[in-house]
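Following the hints, position chain B against chain A.
Residue numbers (our numbering), protein chains in the order written: chain A, 1 to 328; chain B, 1 to 253.
Calculated from the structure, these hints are not laboratory results. There's no promise every hint is true.
DEER-style ranges, computed between Cβ atoms [to be verified]: (1) A:Asp72 / B:Arg22: 45 to 53 Å; (2) A:Arg299 / B:Asp109: 49 to 57 Å; (3) B:Pro227 / A:Ala250: 54 to 62 Å; (4) A:Arg299 / B:Arg223: 18 to 26 Å; (5) A:Arg232 / B:Phe243: 51 to 59 Å; (6) A:Gly305 / B:Val55: 40 to 48 Å; (7) A:Gly68 / B:Ala225: 30 to 38 Å; (8) A:Gly68 / B:Pro247: 48 to 56 Å; (9) A:Gly305 / B:Phe38: 24 to 32 Å; (10) B:Ser252 / A:Asp72: 17 to 25 Å; (11) A:Ala250 / B:Glu215: 51 to 59 Å; (12) B:Val55 / A:Leu249: 17 to 25 Å; (13) B:Asp99 / A:Asp72: 41 to 49 Å.
Looking from chain A toward chain B, a few residues come up when the C-beta cut is under 10 Å (computed) [unchecked claim]: (14) Ala11; (15) Gly15; (16) Trp120; (17) Leu129; (18) Ile139.
To give an idea of the interface, some chain A residues facing chain B are shown, with a C-beta separation under 8 Å as derived from the structure [said to hold, decoys possible]: (19) Val10; (20) Ser20; (21) Asp50; (22) Leu153; (23) Leu155.
Glycine residues also receive a C-beta, built at the ideal position from the N, C-alpha and C atoms.
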Amino acid sequence: MSAARRRAAVALWKGLDDASGERRSVLGAALTRISLGLVCLSFYVLHYGDRWRLYGPDSVWSWENFQGALEDAGGFSLYEIAASDAWFTFVFHAGMLVTLLFILGWRTRLVVPLQWVFTWSLFQRNPVLLDGGDNLLVIVLAYMMAVDCGARLSLDAGRRRGAPAGDGAGSRAVTLLHNAGLLAIITQVCVLYLASALYKTQGELWQNGTALYYIMRVQDFTLPGVSEMIYRNPLFVTAGTYGTVLFQLAFPFLLLNRWTRLLALAGAIAMHAGIALLMGLMTFSWVMVTVELPLLGDRRLEAIGAWLRPRAQALRSRMPLPAGVRSA
Amino acid sequence: MPDLDALPLMNRLPPLANAPPRVRILTACAAVSLLGLFTVHFAMTFVYNQPLNPVKLRVGDTVASWMHPYFAQNWNLFAPKPINENRGMLVRARVRGADRRVRVTSFYDMTTPANRDAQERRWWPSRRSRLVSGTLQMLTYEDPVALTIKETRTRLLRERGRRARTTSGPDGQVEQGLAGIPPTSAERDYRRRAMILAERLASLEATRQFGDGVEAVQVRVVRHAFPRFSRRDLSDDTGKVTFEDLPWMVRSR
Numbered sequence: 001m002s003a004a005r006r007r008a009a010v011a012l013w014k015g016l017d018d019a020s021g022e023r024r025s026v027l028g029a030a031l032t033r034i035s036l037g038l039v040c041l042s043f044y045v046l047h048y049g050d051r052w053r054l055y056g057p058d059s060v061w062s063w064e065n066f067q068g069a070l071e072d073a074g075g076f077s078l079y080e081i082a083a084s085d086a087w088f089t090f091v092f093h094a095g096m097l098v099t100l101l102f103i104l105g106w107r108t109r110l111v112v113p114l115q116w117v118f119t120w121s122l123f124q125r126n127p128v129l130l131d132g133g134d135n136l137l138v139i140v141l142a143y144m145m146a147v148d149c150g151a152r153l154s155l156d157a158g159r160r161r162g163a164p165a166g167d168g169a170g171s172r173a174v175t176l177l178h179n180a181g182l183l184a185i186i187t188q189v190c191v192l193y194l195a196s197a198l199y200k201t202q203g204e205l206w207q208n209g210t211a212l213y214y215i216m217r218v219q220d221f222t223l224p225g226v227s228e229m230i231y232r233n234p235l236f237v238t239a240g241t242y243g244t245v246l247f248q249l250a251f252p253f254l255l256l257n258r259w260t261r262l263l264a265l266a267g268a269i270a271m272h273a274g275i276a277l278l279m280g281l282m283t284f285s286w287v288m289v290t291v292e293l294p295l296l297g298d299r300r301l302e303a304i305g306a307w308l309r310p311r312a313q314a315l316r317s318r319m320p321l322p323a324g325v326r327s328a
Numbered sequence: 001m002p003d004l005d006a007l008p009l010m011n012r013l014p015p016l017a018n019a020p021p022r023v024r025i026l027t028a029c030a031a032v033s034l035l036g037l038f039t040v041h042f043a044m045t046f047v048y049n050q051p052l053n054p055v056k057l058r059v060g061d062t063v064a065s066w067m068h069p070y071f072a073q074n075w076n077l078f079a080p081k082p083i084n085e086n087r088g089m090l091v092r093a094r095v096r097g098a099d100r101r102v103r104v105t106s107f108y109d110m111t112t113p114a115n116r117d118a119q120e121r122r123w124w125p126s127r128r129s130r131l132v133s134g135t136l137q138m139l140t141y142e143d144p145v146a147l148t149i150k151e152t153r154t155r156l157l158r159e160r161g162r163r164a165r166t167t168s169g170p171d172g173q174v175e176q177g178l179a180g181i182p183p184t185s186a187e188r189d190y191r192r193r194a195m196i197l198a199e200r201l202a203s204l205e206a207t208r209q210f211g212d213g214v215e216a217v218q219v220r221v222v223r224h225a226f227p228r229f230s231r232r233d234l235s236d237d238t239g240k241v242t243f244e245d246l247p248w249m250v251r252s253r
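Okay, chain A solo, but in the shape it has when bound (with noise of 0.2 Å):
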């Protein structure tokens, strides 16, 4: 054998060690399954009082349009499984009660696949409701299914903590299925932006840089009394129908350098929060936020964490709260 086909042979073996070896990223996995769950939760709650009208039997998706597109997609819902408000409000209650189970981390492999089966069933039921943010969403959920998602922050994290760890075979291919999972929603950030961006240099809007002036003017898009200064600003205009196009192309080449990948998740960030502030798009930047807050690394989160700590206890400490809160 060669030198070259050994070095070769020794960091192919080393890339399946690492890979097979260290679970990455646990910590952000877990403030994913988290973040992700907070919205999934806001479908319930916020619509409590509408849920009849929004997903019951007699919804304003009719029952014949949500088995129509159900069939020319080629998907199942929970939801159609009868056409009762028996069923409806136990199909129901049971996906909020599995969501707050996914949010608290209480056996993450049998509620994560859970959580899909929920969440794609109730988007189904009203697909008029949705955005990208919830596309996006219910994809990312298909691969936490692979993800070890519930070792911090979460209900499994005590118990796991005294069990035996395994070294075998076993452990290893989940060890592996964890990381291709994590690449995997990063990888599929990637594809979306990319898309997004070649989309848009398509458009002659885009291409003249002014695109940004009809989208924030649309009354769906428009924070009253900012946005009219905003949009009739050349250098706004331009400058943010640019900067976006930019971004989107530069974003997956800037995940492969380390350093780079910090520029990446700060442009995303700032996109994503002009976005949701002056758009009003909320659920959408924090879907894309969130998806992105894996690539920082656990041993950033932990420094965060370890800043935050203190302050957020002095803060509390401050704060005139009834005894048992302040304990707990």
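Below, chain B without anything else, positioned relative to chain A:
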């Protein structure tokens, strides 16, 4: 059997080189099959998300059948052509009064209250207000591929010095498209479902506004296209307003 998830947290497993040969072989096999699946899936995802191109034209169906339904996605929002108009939904109703006489109400604006609702609860909005904008979006949906073809044809026709014909059916039938291209099957599906949705939503609102005597509803879709950016400050250019009246629809409940 040990718990597969009970990995020592933030810790590595002992080096793979020290593991028994069986573990090493199984791990390598798992890695290779996972890598294969990953590569295929994301090659599909990548092609699926591209704008129409020669490769997609060729393998698009295969790719779509891999991706649908659970990985279906669409990232061409606001692109290539961003939305450049405000849309509004109005409803009027045929109401049978207590005296059995039927009268037609004036139009009631459904969009403004929905927008106000969205603005008031801006930071954690209920998506209830999206019902109206979502219905409008479905009613005005244009298949992106068909749109590209239409725009290209329109441009070619204009270049040849001919004006593109715009045919619009009588009582608000499906718009025939700029250059007389019939709607695609996706557009017809959207339209059919959008009509049912519009009837439901309009009937609910009409009943709330005009009472239980509502027998039928008519929806008016108003579109206000903005002036171009360069003309944004001209007081005599406030954009173009067009509207379409959907056919009367019998109240479903």
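Here's how the hints hold up against the structure:
Between A:Asp72 and B:Arg22 the CB atoms are about 48 Å apart, so this pair conforms to the stated range of 45 to 53 Å. Distance hint check for A:Arg299 and B:Asp109: the Cβ-Cβ separation is about 55 Å, which falls inside the suggested range of 49 to 57 Å. Between B:Pro227 and A:Ala250 the Cβ separation comes to about 33 Å, which falls outside the hinted range of 54 to 62 Å. In this structure the hint that A:Arg299 and B:Arg223 lie 18 to 26 Å apart at CB is violated, the actual value being about 52 Å.
Checking the proposed 51 to 59 Å range against A:Arg232 and B:Phe243 shows it is violated: the Cβ atoms sit about 27 Å from each other. Range check, A:Gly305 to B:Val55: Cβ separation about 45 Å, and the 40 to 48 Å hint holds. Separation of A:Gly68 from B:Ala225 is about 32 Å and conforms to the stated range, judged on CB atoms against 30 to 38 Å. The given range of 48 to 56 Å is broken by A:Gly68 and B:Pro247, whose C-beta atoms sit roughly 20 Å from each other.
For the hinted restraint 24 to 32 Å between A:Gly305 and B:Phe38, the CB-CB distance of approximately 31 Å keeps it satisfied. Checking the proposed 17 to 25 Å range against B:Ser252 and A:Asp72 shows it holds: the Cβ atoms sit about 22 Å from each other. Roughly 58 Å separates the CB atoms of A:Ala250 and B:Glu215, a value that falls within the hinted 51 to 59 Å. Against the hinted window of 17 to 25 Å, the Cβ-Cβ separation of B:Val55 and A:Leu249 comes to about 20 Å, which satisfies the hint.
Between B:Asp99 and A:Asp72 the Cβ separation comes to about 46 Å, which falls inside the hinted range of 41 to 49 Å. A hinted interface residue such as A:Ala11 counts as satisfied when its beta carbon comes closer than 10 Å to some beta carbon of chain B; here the least separation is about 14 Å, so the hint is violated. For A:Gly15, the interface hint holds, since its Cβ comes within 10 Å of a Cβ in chain B; the closest pair sits about 9 Å apart. Proximity of A:Trp120 to chain B holds as hinted, the smallest CB-CB distance being about 7 Å (cut-off 10 Å).
For the restraint placing A:Leu129 at the interface with chain B, the shortest Cβ-Cβ distance is roughly 4 Å, inside the 10 Å limit, so the hint holds. Contact between A:Ile139 and chain B, as hinted, is supported at the beta carbon level, the nearest pair being about 6 Å apart and thus within 10 Å. Interface restraint check for A:Val10: the shortest CB-CB distance to chain B comes to about 10 Å, outside 8 Å, so the restraint is violated. A distance limit of 8 Å between C-beta atoms decides the matter here; for A:Ser20 the minimum to chain B is near 5 Å, and the interface restraint holds.
For A:Asp50, the interface hint holds, since its Cβ comes within 8 Å of a Cβ in chain B; the closest pair sits about 6 Å apart. At its closest, the beta carbon of A:Leu153 sits 12 Å from a beta carbon of chain B; the interface hint therefore is violated under the 8 Å criterion. With a least beta-carbon distance of about 13 Å to chain B, the hint placing A:Leu155 at the interface is violated under the 8 Å criterion.
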